[in-house]
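Protein sequence lines correspond, in order, to chains A and B.
For the first sequence, this note's numbering assigns the number 104 to the initial residue and increments by one for each residue that follows.
For the second sequence, this note's numbering assigns the number 30 to the initial residue and increments by one for each residue that follows.
Hint data in this document are derived by calculation from the structure and do not stem from the laboratory.
Don't take every hint at face value.
Stated by the list, open to error - From the derived model, a few chain A residues whose C-beta atoms are all more than 12 Å from chain B:
(1) L146
(2) L168
(3) P191
(4) T203
(5) R219
(6) R229
(7) R276
To be verified - Restraint ranges, calculated between C-beta atoms of paired labels, are given here:
(8) N73/B to D241/A: 27 to 33 Å
(9) W258/A to Q248/B: 42 to 48 Å
(10) D241/A to P40/B: 37 to 43 Å
(11) P162/B to W258/A: 37 to 43 Å
(12) P40/B to A250/A: 36 to 42 Å
(13) E279/A to T166/B: 53 to 59 Å
Stated by the list, open to error - Mimicking SDA-like on lysine to any residue, the simulated pairs with C-alpha atoms at most 20 Å apart in a straight line are:
(14) K263/A to E145/B
(15) K270/B to D215/B
(16) K31/B to Y285/B
(17) K53/B to E146/B
(18) K31/B to D58/B
(19) K263/A to N150/B
(20) K31/B to K53/B
(21) K31/B to L255/B
(22) K31/B to L308/B
(23) K31/B to P228/B
(24) K263/A to Y149/B
(25) K263/A to W69/B
(26) K41/B to A283/B
(27) K263/A to T144/B
(28) K41/B to E282/B
(29) K41/B to D76/B
(30) K263/A to P148/B
(31) K263/A to W243/A
Owing to the predicted nature of the structure, the values given are computational and were not obtained by experimental measurement.
We put the CB at the ideal spot given by N, CA and C, even for glycine.
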Amino acid sequence: MTVRLTRRQFLECSATVAVPLRWRLGRASPEVSGAREQLVLDLGPHCSLRESLSGYAAAFEGRALRTDVSSLAPCAVLIVPAAVEIPPAAVRAITACLETGGRVILESGAGFASERDLSRHRGVLRDVFRVHVASPIDLWPEANGSAIPYVDFTWPVAVKVRDFSSVVPLASRAGEIIARVNGLAVGLKRPFGRGSLIVLGSPLGPALWTGDAEARQWLRAALR
Amino acid sequence: MKKSIGDNMIPKDWGLARGLELVKRAGYDGIELWLGDMPWFQMNTSDADVRALRRAVEGAGLVVSNVSTGLHWGSPLSARDPTVRARAARIVERQIETATLLGSDAVLVVAGLVTEEVPYNEVYQRSVEALTPLGDTAQRAGVLIGCENCNAEQRLLMSPREFWQFLNDVNHPAVGIHLDVGNIHDNGFAEQWIEIHGPRITRIHVKDVLRHRGRCGDQSVYTNLLLGDNNWPAIRAALTKVGYDGWLVAEMEARYRYAPDQQFFDTAQAMDRLISGRL
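Chain A extracted, bound-state conformation:
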């Protein structure tokens, strides 16, 4: 017995149960496709969650994805998904964006990083961006059967988005806390240069990747 189907059989059968993965890749909204450049930076091996990258890229229908840091001109919006180690060239691109009045969403992937990568990650965020990153916390220890699985964002819109198991608490003297989970600050924004830096200690990209409506709402609002 085999699983072979003719193309005709396949089309006939699939037509009867046509529930497409519509939510698979979110559609770009007018809010996230403005005239100024809005880019998603792929850090390659320094991105710890490729599906987070996919989530952000999908929100822009892939047009915004950039892999070559050296060719990046300062842009209006720069999103850096699931960052672990942030190479110097990427740091320069981020700071250039901020210095010229842009907005950067720097999503930490440190919850899934090795000790060595975590140390470098913390060093860059502390030394360059003045953001303190604490050690990763597992929101779902085995004994805990009653966790509330949502990160509460309070800015720019109040939404609940599924947590992603491992988070890094954040702190910054000049920062405003914009997201919490289990009482932990996992999102903050702070002015930097002429721009605004948003750091997420709980990955949002995977929720975008699964088509979470509130995650997309938050992203649209954050980019206004």
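Take the given structure of chain A and dock chain B to it, following the hints.
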């Protein structure tokens, strides 16, 4: 149709040779090998030892019907942690490699696991994405991946049409369903799953289920073939309707407390009745 039974049914203290002799004597044509369950077939079992395992199986007058594993319950393809997902994918790859070494063309995979922590939408999508490259690997090896319907335990793909849609989304000729007619519990009827999935069925696990007869009457429990509430005449008719002529693999969750070898004989005889249609 041919009869098989899992090597994990062999009593722990019997050893492989004695177990294979029992399987053959009870009338089975083949044996299902569970990667990670028994000492003779682990992730670190070498290719040479896998070949020796095949020789032992064939020396007992049996063949390997398929390669299964329970390792994905601990390392799911749908895990959030990429390192766990990589481990899960490696398990499937090793199943495929060993299936080839063992002369089989089918592996069983539990494709995803919904938990309180990892929600349904993530599991569905990750499972679909994981199975595409694994399907390519399987196809190159001439092996079929059968995603098992572990319905209630997996908390995923609870209905046959949803499972059908899942396979459509995977859309790979080397990925089908390893149908377990006992796992459907109270959520449907095995014969309807057989009808819907027909040509995509890679293997069939057989066991019976007592619906709502468990403790306090609110739980379904697995039981021996023909003792539970599966509609075996309807299942047999559905197998005929879709032209299934492959392996039936006994997976008895409830083991005999005494005389464990007797369960091999009783199960084989019940499978003979099912295959012959004398129900």
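Next item on the list: Determine which of the earlier numbered hints do not hold for this structure and return their numbers in increasing order.
Entry: Failing hints, ascending: 13, 15, 16, 17, 25, 29.
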